[in-house]
Amino acid sequence: MRSGPSKGLLPLGLIFFCLEAIFLLSGSPVAARRQQQCKLQPRGNQVTLQAPTNTGIAGGAEPSATAIAHSGGWLVLEPWITPSLFQSTNNPNIVDEFTLGQLLDPETAQIPIGYWSIPLDSSSTSGWAEKYDINVILDLHGAPGSQNGYDNSGQRTSNPVWALNPSNVTRTVDTLRFLANEVGDQISVLELLNEGAGFLGNNWASVIRQFFSTAYGSVRSAVGNDLNMMIGDAFLGVSSWTDFLTAPQGTGVLMDFHEYQIFSDLELDRTFDEHISFACTYMQSLGSFAAGNLWTVVGEWSNAVTDCAPWLNGRNTGARWDGSFPGSQTHGNCTGFTGNYTGWTQDYKDFLRKYWEVQVEVGENVNGWIFWTWKAENADEWSYQRGLQGGWIPQDPTDRMYPGICSS
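Numbered per mature numbering (1 follows the signal peptide of the UniProt record, and there is no 0), the sequence shown spans residues -32 to -1, 1 to 376.
Please keep in mind that the hints were generated in silico from the structure rather than gathered at the bench. Each hint should be verified, as a subset may be incorrect.
To be verified - Each computed DMTMM-like pair below joins lysine to aspartate or glutamate, with the alpha-carbon atoms no more than 20 Å apart:
1. Lys322 <-> Asp367
2. Lys322 <-> Asp211
3. Lys322 <-> Asp364
4. Lys322 <-> Asp237
5. Lys322 <-> Glu332
6. Lys99 <-> Glu163
7. Lys317 <-> Glu242
8. Lys317 <-> Asp364
9. Lys322 <-> Asp241
10. Lys317 <-> Glu345
11. Lys322 <-> Glu227
12. Lys317 <-> Asp211
13. Lys317 <-> Asp367
14. Lys322 <-> Glu242
Being a predicted model, the structure only gives us computed values, none of them experimental.
Construct all of the structure, not just a fragment, from the sequences and the given hints.
Here you go:
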């Protein structure tokens, strides 16, 4: 929500980064999650903008936020989050949202929709969020031609072409401008693109950089300076974005950094303690960038230390951990690392608590964090909901069993 006369001044810490998935909850669970807090602090010479205050939490003394998780697998399908949906098609060639629409090929489709999804006026769409002091982040997760080739872009492909076809980039900018015009007064942050594949080469990195500049200008010209925007590091590291869209060239821009340690054999070789130590290295690198450049959030992270969650690497694709992923080495057996937590050892759950705390500490050292994801069908190590039930995620995320973990 945009700031109004009753809203106070807050630094562009964007307290709402810990709020993305709360709208999945209703009734009393929402009230219960008001105890979930992550503290966000202004850093260095960053500007102060009008932003919503949340006076119902922490007495309004400092920027605070309700913290839960992403709503992954809801509006952009990912087979590992909702495998039952893909299994129900009885078609192994349906591997992403693109092929779901392409190959399912029904003659008639009935699409159930509730009246609450159809706004009759602006108050209909923003009233629930304003009522619960929720700020909405709208994230463009999939772009035409696929911006990374991953199923989370909507199309799993070994040949993504988003950056190779200028019409794809133009259409993405037009989409963002449309979203800003239509719902910009009902959201707090518009993320311009999720996980662009800067690692595909200098051409891709250059196109992504130019796209961010162009999209920023287009959205600003459409709706002015009230709507905040977020960019990602495109897998290039935040230092690659030093002095990019900082004042005076840009205002109200945030950096989204994703922290995973499971998608290579090198990372999977780490011991539990080495995972903790590596996470601590981000205290300095992210902290330095946030202090001198853009407000920075750890916008995706999880408790997973293996890639064992079924179909995490794509439908019908195995895991690096157990050597079933093509070309990978074997690190161990997946039993006891994923699935239902009731079969896990206490030592593993104790580690998950420690790993959760260190990543929260990294996020709170900059300007916030948001866990991926709120709920997963068959992978409890990825589920905030199941972490609360299993006890490795505390009911109050300010609780610490390992305080100062990166300084000890």
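Cross-check of the supplied hints:
no. : hint              : verdict
1   : Lys322 <-> Asp367 : holds (12 Å)
2   : Lys322 <-> Asp211 : violated (34 Å)
3   : Lys322 <-> Asp364 : holds (15 Å)
4   : Lys322 <-> Asp237 : holds (19 Å)
5   : Lys322 <-> Glu332 : holds (15 Å)
6   : Lys99 <-> Glu163  : violated (32 Å)
7   : Lys317 <-> Glu242 : holds (17 Å)
8   : Lys317 <-> Asp364 : holds (17 Å)
9   : Lys322 <-> Asp241 : holds (10 Å)
10  : Lys317 <-> Glu345 : holds (19 Å)
11  : Lys322 <-> Glu227 : holds (16 Å)
12  : Lys317 <-> Asp211 : violated (41 Å)
13  : Lys317 <-> Asp367 : holds (16 Å)
14  : Lys322 <-> Glu242 : holds (12 Å)
Of the numbered hints given earlier, the model fails hints 2, 6, 12; all others are met.
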